[in-house]
Amino acid sequence: MSTARVILSYPWNEGDAGRKQPPPEQEEDVFHQKDYEWVLGDELAQTAKLELREDKDIRNQTLRQFREWINKNQDLHRCCTDANFLLRFLRVKKFSLPMAQQMLLKYLNLRQTFSHMLQNLDVLSSPVHELISSGYIVVSPKRDKQGRRVIITTAGRFDPYKFKNVDMAKAHMITYEACLDDEQTQIAGFTHVGDVADVSAAFITLWSPTEFSTIVKWGEIHNSLEELHKKVDPQVLPKEYGGVMPLSQMTDLWMKELISKRGQLLALDDMKLLSNKGIMTRKNNNNNIYGGLNGIAGLPGSFRRLEVD
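So for the sequence shown, UniProt numbering puts the first residue at 1; every next one is plus one.
The set of hints was computed from the structure by calculation and includes no laboratory data.
Quick reminder that beta carbons are idealized off the backbone N, C-alpha and C, glycines included.
Don't take each hint at face value.
What the hints assert, rightly or not - Below, computed lysine-lysine pairings styled on DSS-like, alpha-carbon distance capped at 25 Å:
| no. | residue 1 | residue 2 |
| --- | --- | --- |
| 1 | LYS145 | LYS231 |
| 2 | LYS93 | LYS272 |
| 3 | LYS142 | LYS261 |
Stated by the list, open to error - Distance ranges between label pairs, derived from CB positions:
| no. | residue 1 | residue 2 | range |
| --- | --- | --- | --- |
| 4 | SER126 | PRO246 | 40 to 50 Å |
| 5 | VAL39 | ARG282 | 32 to 42 Å |
| 6 | GLU37 | ARG262 | 48 to 58 Å |
| 7 | GLU226 | LEU124 | 31 to 41 Å |
| 8 | LEU266 | GLU51 | 26 to 36 Å |
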């Protein structure tokens, strides 16, 4: 078994798809947002302040600026301006607005570049519904001591002769998108437990050697449940791994949660990136450096609050 802190990268490579003015209803979304209300309690607020540099003033200011930037950006079509969605990007970038904007662009570009894996995230579509219902990937209803959600995968429940790597990718993306919709998870994060005891050679060949080796390097290897329990609280694990709740019950609860968020996940496909020209790559970032202040002037937002750990 292995435990891993989940890391996502955002490659991008997309040509100009043309420009289009955002629809009128998008402007309504931007300028008629309900006031954000913090409901997560003082302890999590302290964590957000300490680890993410988040407080009420910074949060409200960056949300307003983020929405204004989206409304004016002609490369974005029907981009979600909901506070919960935008905070996903602001929090992971510790409220550096320029970095959050870049991450949003790369996120949208990634979804379009790998649309066969990252779009149409329908939990009720076959074979994804069958794969998740099998218990291959499930999120524990109990959080760990750090307040994180625990994602559990059982490789032996993935039949490589029945399912494809696209099905696997969609099952994982549905899981991650649903988890990141939760504000506590945005702040506390999530952890991953994977049982690879029954992995076959056919399972491994679903991915290239480089991809598979990267996955393995993410985690710690445990040869027994006793070793695993030293890193992961048994209370968050299925009964089959020393916990209390059977995996089948966890799977049923997780499926109900996913179905409740089905509309939100499908609505992500409404967002379009019409051009990737605004994405900062290593090449055009170097051009900005050698071009003097012209490149810096093109970046929206303020760098005054940007701190480096």
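A quick look at each hint next to the structure:
1. Taking the CA atoms of LYS145 and LYS231, the gap is about 11 Å. The hint holds against a cut of 25 Å.
2. Taken as a hint, the LYS93 and LYS272 pair is honoured in the structure, with Cα atoms around 22 Å apart against an allowance of 25 Å.
3. With a CA separation close to 19 Å, the supplied pair LYS142 and LYS261 stays within the 25 Å bound.
4. At about 25 Å, the CB distance of SER126 to PRO246 disagrees with the hint of 40 to 50 Å.
5. Checking the proposed 32 to 42 Å range against VAL39 and ARG282 shows it holds: the Cβ atoms sit about 40 Å from each other.
6. Separated by about 25 Å at the C-beta atoms, GLU37 and ARG262 break the suggested range of 48 to 58 Å.
7. Range check, GLU226 to LEU124: about 39 Å between beta-carbon atoms, so the 31 to 41 Å window is met.
8. For the pair LEU266 and GLU51, the beta carbons lie near 32 Å from each other, so the given range of 26 to 36 Å is met.
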